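Numbering-wise (my numbering), the sequence shown opens with residue 16 and increments by one.
Hints are computed from structural coordinates only; laboratory data are not their basis. Check each hint, because a few of them may be wrong.
[What the hints assert, rightly or not] Keeping only pairs whose Cα atoms sit at most 20 Å apart, straight-line, the calculated EDC-like set for lysine to aspartate or glutamate is: (1) 98 with 133; (2) 72 with 86; (3) 289 with 365; (4) 380 with 402; (5) 380 with 370; (6) 288 with 345; (7) 98 with 183; (8) 428 with 164; (9) 196 with 227; (10) 438 with 314; (11) 288 with 422.
[Stated by the list, open to error] Per label pair, the in silico range of CB-to-CB distance: (12) 199 with 116: 38 to 48 Å; (13) 241 with 417: 48 to 58 Å; (14) 245 with 391: 38 to 48 Å; (15) 195 with 265: 22 to 32 Å; (16) 21 with 380: 14 to 24 Å; (17) 345 with 155: 37 to 47 Å; (18) 266 with 20: 15 to 25 Å.
Every value quoted in this text rests on a predicted model; they were computed, and no experiment measured them. For each residue, glycine too, the CB sits at the ideal point set by N, CA and C.
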Amino acid sequence: MNYPLARECIAPGVHFSSITDRKFKHNRMSVNLVVNLDRDKVTNRAVVPFILRQGTKKCPDFTKLNERLCDLYGASLDAGVDKFAEYQIITLGMSGIDNRYALHGEDMVSECAGLLAEILFEPNITDGKFDAQETALEKQYLLDTINAEINDKRSYAMTRCKDIMCADEGCSIKKYGYAEKVEQITPESAAEAYEELLRVAQVEILFEGCGDPTAAKEIFRKKFEGIQRTPISVASYCGRNQQGEVKQTVERMDVKQGKLVMGFRVEGVTEYKKMNAERIAVALFGGTANSLLFKNVREKMSLCYYCSAGYDRNTGLMMVHSGVEAENIEKTKEAVLQQLQMMQRGEFEDKDITETVMFMKTALKATTDSLGAMDSWYLTQILGGTEVSPDGEIELSSQVTREDVIEAVSCIKLDTVYMLLPKEKEGE
Numbered sequence: 016m017n018y019p020l021a022r023e024c025i026a027p028g029v030h031f032s033s034i035t036d037r038k039f040k041h042n043r044m045s046v047n048l049v050v051n052l053d054r055d056k057v058t059n060r061a062v063v064p065f066i067l068r069q070g071t072k073k074c075p076d077f078t079k080l081n082e083r084l085c086d087l088y089g090a091s092l093d094a095g096v097d098k099f100a101e102y103q104i105i106t107l108g109m110s111g112i113d114n115r116y117a118l119h120g121e122d123m124v125s126e127c128a129g130l131l132a133e134i135l136f137e138p139n140i141t142d143g144k145f146d147a148q149e150t151a152l153e154k155q156y157l158l159d160t161i162n163a164e165i166n167d168k169r170s171y172a173m174t175r176c177k178d179i180m181c182a183d184e185g186c187s188i189k190k191y192g193y194a195e196k197v198e199q200i201t202p203e204s205a206a207e208a209y210e211e212l213l214r215v216a217q218v219e220i221l222f223e224g225c226g227d228p229t230a231a232k233e234i235f236r237k238k239f240e241g242i243q244r245t246p247i248s249v250a251s252y253c254g255r256n257q258q259g260e261v262k263q264t265v266e267r268m269d270v271k272q273g274k275l276v277m278g279f280r281v282e283g284v285t286e287y288k289k290m291n292a293e294r295i296a297v298a299l300f301g302g303t304a305n306s307l308l309f310k311n312v313r314e315k316m317s318l319c320y321y322c323s324a325g326y327d328r329n330t331g332l333m334m335v336h337s338g339v340e341a342e343n344i345e346k347t348k349e350a351v352l353q354q355l356q357m358m359q360r361g362e363f364e365d366k367d368i369t370e371t372v373m374f375m376k377t378a379l380k381a382t383t384d385s386l387g388a389m390d391s392w393y394l395t396q397i398l399g400g401t402e403v404s405p406d407g408e409i410e411l412s413s414q415v416t417r418e419d420v421i422e423a424v425s426c427i428k429l430d431t432v433y434m435l436l437p438k439e440k441e442g443e
């Protein structure tokens, strides 16, 4: 099934997009506030959605808000923070049953959209500040989230490599902000961040499900029409070319297993069809259980515990990450580069492309089985300046040739090598 995206500008810098699929019994709505990643503001902004989910003027605590959700046949509310290229995304979302399944003929689309709008536009702010206790609770939640990053050494190593690789770029700024800045958050500063978000964010409202989105669209249109806004514009691509010598950093911590992360620049790939070919090429290189990195570096050479690659089309970055014993770090690095050079010479089989495309097709088809996955897919498409459906992506993937793959990997240049190693023992 193809999923046509209906997209409309309903206020300055505010777009409402909808996808209809009758197989679902629920609808999902999300309001996504997109702002530039700003090191000085990112932490205050990150706490905002979590405070908003605690209550509104009419429901000043979570207990009363939860009662409202229960009255809506157990509608669910979610809040989150994400990152897209050089932008921070503040999200509020709600899922609820469609009108057809309400027992007493309630207009569930209007009810859910109305409550979501109330949470966004009528927060529990008094005298220019959020509730002190709720702010304190969400500050601690944010701090715990930030501090938890170092406990996952795989994720930590990836983040550190990007920090070094993109030190002077917006995409290196953390989406949740920084621990030292959390302590500086106050009920007043969080409220100021909220007010600024409403004024300057590019707003993307998405509606997915089986219902009629018209009522939800009108509710948000009226709400945003009453606000004076100066919204930012979003660039769909922020990639850079590799500059100068390859950067190399070694960091030592109390770990048993070393981590090797290699950051590559994918140069000059800005057309969507070529980005799709790049995605297939990177998956063949290191994105599946049949990839060259998995079959050769991990299985045949037994150099590491895992070895995989991922590609971000909006930043033009390819990251290769592996878990490896310290003594095998250099061998693993050379083996990864060797596999890339083999691909650039066309030393792979046509069946490798076929298997990779089949894997990608399966993953893309699964996207349409979940409202949340569809929400994420289309938000990324919109911010990337495209409106390609999962079916459209499948069609593009089926057209990728051997020549396309070789051209795609020929654009990849090593930029940064990061190694997280165990601490040296005394006397070594």
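Problem set entry | Those earlier numbered hints the structure runs against, lowest number first | When the structure is compared with the hints, numbers 1, 6, 8, 9, 10, 14 and 18 turn out to be violated.
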